[in-house]
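According to numbering that gives the first Met the number 0, the sequence shown is numbered sequentially starting from 0.
Just so you know, these hints were derived from the structure itself, not from any lab.
None of these values were measured; they are calculated from a predicted model.
Treat the hints loosely; a few may be bogus.
[Said to hold, decoys possible] The list that follows gives simulated cross-link-like pairs (lysine-lysine, DSS-like), each with its CA atoms no further than 25 Å apart:
| hint | residue 1 | residue 2 |
| --- | --- | --- |
| 1 | 154 | 2 |
| 2 | 137 | 4 |
| 3 | 93 | 127 |
| 4 | 127 | 137 |
| 5 | 4 | 127 |
| 6 | 52 | 2 |
| 7 | 52 | 93 |
| 8 | 42 | 154 |
| 9 | 2 | 93 |
| 10 | 93 | 4 |
| 11 | 66 | 52 |
| 12 | 127 | 42 |
| 13 | 2 | 127 |
| 14 | 52 | 42 |
| 15 | 137 | 66 |
| 16 | 154 | 93 |
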Amino acid sequence: MAKSKLRIQDEPALRQELETLILSSSQALLVEWSIETARRNLKEAQLSELETKTIDSAFQVALAKMKGEGRAYDVRVAGFAVHQLVDSVQDPIKISVLRVCGQAVGVAHMREHAQVMADYAIKAINQKHPGDLEAVAKERRMQIDSLQTFIRNQKEIAD
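All chains, please: the whole structure from these sequences, using the hints.
As structure tokens, this is what we get:
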């Protein structure tokens, strides 16, 4: 298991299970899953109209890239625009949620961002519920269940 690049209090077995699923998933599937995960986490942040527009636009750029309608450069610019929103934010939970969104966009450029995105979601949980491993486990299980659903749906479409 690759060590998290973030300092987070985590459930290692659940993180390993998620990592295994991520490694076996296509990049296009991971982009969709990452954006869904980010949207779920956005409920934890009070976003301004500008932040909402920037994030929605970036998500559209990432999805377009997976359809062959965009360039890696466009994805990088969109991801950086989301990360730049952090510069004007003081709330650590909102910062982590914005990082979740930026990493979700980045998955369209490099699939490795999917695990980092999931870890930022855990960081937000750590900040909202310090020391609460049950809250961490709940988030990891949601991530795993959601990704398994995406994988199952992809297989059904292929069959």
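Here's how the hints hold up against the structure:
Proposed proximity of residue 154 and residue 2 is contradicted: the alpha carbons are some 30 Å apart, above 25 Å. Taking the CA atoms of residue 137 and residue 4, the gap is about 21 Å. The hint holds against a cut of 25 Å. Note on residue 93 and residue 127: the hinted pairing holds, with a Cα-Cα distance of about 10 Å set against a maximum of 25 Å. Proximity of residue 127 to residue 137 is assessed by CA-CA distance (about 13 Å); at most 25 Å being required, the pair is judged to hold.
Between residue 4 and residue 127 the alpha-carbon distance is near 20 Å, which keeps this suggested pair within the 25 Å criterion. For the suggested pair residue 52 and residue 2, the alpha carbons sit about 33 Å apart, so the restraint of at most 25 Å is broken. A threshold of 25 Å between alpha carbons decides the hint, and for residue 52 with residue 93 the separation of about 16 Å falls inside it, so the pair holds. Proposed proximity of residue 42 and residue 154 is contradicted: the alpha carbons are some 30 Å apart, above 25 Å.
Our distance criterion of 25 Å between C-alpha atoms is met by residue 2 and residue 93, whose separation comes to about 24 Å. For a cut-off of 25 Å, the pair hint linking residue 93 to residue 4 stands: about 19 Å separates their Cα positions. Only pairs whose Cα atoms come within 25 Å are accepted, and residue 66 paired with residue 52 is accepted, the gap being roughly 21 Å. A distance of roughly 13 Å separates the Cα atoms of residue 127 and residue 42; the hinted pair therefore holds under the 25 Å criterion.
Between residue 2 and residue 127 the CA atoms are separated by roughly 22 Å; this keeps the pair inside 25 Å, and the hint holds. Distance check on the hinted pair: residue 52 and residue 42 sit about 15 Å apart at the alpha-carbon level, within 25 Å; holds. Distance check on the hinted pair: residue 137 and residue 66 sit about 32 Å apart at the alpha-carbon level, beyond 25 Å; violated. Distance check on the hinted pair: residue 154 and residue 93 sit about 35 Å apart at the alpha-carbon level, beyond 25 Å; violated.
Of the numbered hints stated above, those contradicted by the structure are hints 1, 6, 8, 15 and 16, listed in ascending order.
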